[in-house]
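Using the hints, position chain F against chain H.
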Amino acid sequence: MIADRLMRVLTLADYNTRVVMFGTVMLGIAGGVIGVFLLLRRRALLADAVSHAALPGVAGAFLLILALGGNPRSLPLLMLGALVSGLFGMGCVLFITRFTRISQDAALGIVLSVFFGFGIALLGIIQRTRGAPAAGLNSFIYGRTASMIRADAMLIGTAALVVVVVSVVLFKEFRLFTFDPDFAAGDGWPVQRLDTLLMALVVAVTVIGLQAVGIILVIAILVVPPAAARFWTDRLDHMVLISAGMGAIGAYLGTGISALAPRLPAGAVIVVAHGAVFVVSMLFGSTRGVLRDLFAHRTLARRTVMQNLLRALFECEEAGRGGSVESQWRYLTTARGWIDRELTRGLRLLLHDGSIYRLPAGAWQLTELGRVRAARVTRNHRLWEVYLLEHAETARAHVDRGADYIEHVLGEELVAELEAALPRFGKVVPASVHVIGPAGGSA
Amino acid sequence: MIWTSLDTWIVVAAALAGATCALIGSFLVLKKVSMMGDAISHAVLPGIAVAFILTGSRAGPVMLVGAALVGILTAVLVQLITRHARLEEGASMGVVFTVLFAIGLILIERAARNVDIHPEHVLFGAVELVPLHVISFWGWDVPRGVVLLVVVLAVNVLLVLLFFKELRLATFDPELATALGINANAVHYVLMVLVAMTTVAAFEVVGSILVIAMLIVPGAIAWLLTRRLLPFLLVSVGVSVVAAVVGHIAAITVPPLFGYADTSTSGSMATVLGLFFFLAMLFAPEQGLLARAWNTARLRLAIGSQDALGLLARAAEKAGEGSLSAAEFRDVSSSPFAGRRLRLAATLGLLRARGLVAARGGRYCVTVRGLEQGRAVLRSHRLWERFFYEDGQVELGELHTAADVLEHYTDPGLQQELAERFAGIATDPRGNRIPEESSPARRIGAPRARTPNDREKEPRA
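Going line by line, the protein sequences match chains H and F.
With my numbering, letter number 318 in the first sequence gets 318, and the count goes up by one each step, no holes.
With my numbering, letter number 372 in the second sequence gets 372, and the count goes up by one each step, no holes.
Because the hints were derived from the structure by calculation, they are not lab data.
Treat the hints with care, as some may be off.
A partial selection of chain F residues facing chain H, derived with a Cβ cut-off under 10 Å [as the list claims (entries may be wrong)]:
no.: 1; residue: R110
no.: 2; residue: G219
no.: 3; residue: A251
no.: 4; residue: A270
Note that beta-carbon positions come from the ideal geometry of N, C-alpha and C, so glycine has one too.
Next comes chain H alone, as it looks inside the complex:
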């Protein structure tokens, strides 16, 4: 029964579902695209102020139409009111930031809360006026996709198309100017006009989204998909595409669920769907995802242990202490300061790696492959030590620690540069700058 309904919704079997789905998905795409630039412009919360500032416009338009004897539920007129007061609110934020010592975050808070409060006061008047059909106004606050008709969906679709087309045509301009407005201005781009255009598109998406998602949550369709896309890529063009896709997916899921549970506030359901997409991105994102970060951290930690142990074994042999199990173990723990647990773990990793082997009751030996690796690691370490001694004037006692930090991340190019800087070593492993043997060794 439920599965049946779910299929009907997700496959767009009903005409109503198709209309609503078209509207919200287009809105999701438009919000995702323009939101990327809004985020890069570091103005995410300006959209929040705009949407809250739209409430007195909606309520004021309602009262005005009522007083003039028109139909106060006419959507285009209410949206016009929203547009005017939203723009006015944005103007107030920019004015306060520019001409007083109030910082931008406070200006945003002031405008959004005061305008919203004024809107609530007007709404209070409407609700206590006998005979005013006030119920329609609530959909502006919570969003009500279910009541969306074909004309609304077409309006949203057209506006979304305009936003996407403008963003594609002006992609290069927007990119330059959102990343580095000063450079763009210095380079002769009409920065002021581009900024105005970008903000106009943001306001357009916000006002159109009001009816679908609601005043309080409409900022989510501008902010959440781009923030989610950030976890997947570092490139702007990819980010725009991913963000648009995520906006569409979130809208699709949200609208579908709210079609199944019509009592739930549709705007909130759409936002929670966007939130789910965000959480998935944050965990599994391929560029900045939390799991990827953890994995990268673990890999580096493991490589560091292995390389350190390889060098220790190599130098153990150099010092002539690798003959018996006891002297090798004593060398590694006493002279090199390995603790048993770390040592066991490192040896297991190297064994698994094929770098070392051990005859029954014998000491650990480097395999052929292991010897090559150990020689390379040791060579990098010592080259870097010599470099620090000779070129960076680091004290002898400190070079070991300095090299320890850097040796694990030396790339081939850097090693080549080191060889060029220290040509006398050729391809051999240089002798250690420290005394290796019973008396000392590096910790």
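Relative to chain H, chain F alone:
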């Protein structure tokens, strides 16, 4: 207007909510994290909803605990996302609070079926309903919401008083605070917890969104009026209490003027706060737009006067008598009055009123006192030209522009220094004579133009 005990309780509740919010919100404004107040006040919604579903009651310690947890959660999530995604903090806030708010909205909508809670009341406040739920203290009925607010206000005041020094340091200079052994990060989190608890205590009165107005606007007003922390907090709290009273009166008196019924007190309070902010923005004694416009105008006039006197002194040098017509004032080469009739008229009017210039037959003649001041300007100007020519390697053609700016900011001491530097040189690089200093007894020099910054440099008591 009919005032009943209901109205008294409404005003008391609103004033308490306002004072509590203003006290904590001031620190948000000072730390420039106002929008964290926005984020937290949205984000506590699921906390309220869960506590409500669990206990079935709208006030109580469970809600405060829930709020504190959500406050920490919000702050942590915002930091986490900002760091991982390398986004601006605003964007991370936008993500966190919208999603949490949406979850809260859904929970409340579901809970609304069987418990007495309405989304409208949570969002926009229902101060009108506050007096209906009372607790008795020794036979004295006090609304439950008021009791909760008093408790939270007491906690806030106590914490602010106890940790005044730490709060001040951590607010204004987190690095110094850390160096002195105060954990600025911990202070931040404690502040967020307080914001969340305050929000929850106040939401019944003003609603979870209008709380933002009460958190931020009083602090912003104080920010325009004072620079010291204690007066700042007092102004902020005072403003919000006044706004509560005025807001409620406006709610029941203003709409009837237009033929409507009354309206919601919380919306009206936010509007009144907005008006107060607007007034402060215009009329604040130092930071107000009018005060700053007045300062700018005064500076312009002072500079204009010096320019005009300088031009007259030049004319006196050439023709023996210092007089110019209005047209000549504008047409002299590189005249600061070119195309600025209004500024010229205002300047000449001021000079005439001060007795430095006299009008005679359509021409403006400089008086003895005026000539003296004009010469002082000219002296500064030509000394500067000499300076830029000798020490600054500035081209001959550019000298005038450079000297033109500095001549207005040259006090007698600086003029003296320049004169000593070029002692024995009597002319500017083009060969114009540098006017003599006026007699030492009457050495006035050009009155130095005061810049708006002067005031800020003065030490404060």
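Hint check:
1. Taking 10 Å as the C-beta contact cut-off toward chain H, the hint placing R110/F at the interface holds, the least distance being around 8 Å.
2. Restraint check, G219/F versus chain H: the minimum CB separation of about 7 Å is within 10 Å; hint holds.
3. For A251/F, the suggested interface contact is upheld, since its CB lies about 7 Å from the closest CB of chain H, less than 10 Å.
4. With a cut of 10 Å, the hint placing A270/F at the interface with chain H holds, because the nearest CB-to-CB distance is about 2 Å.
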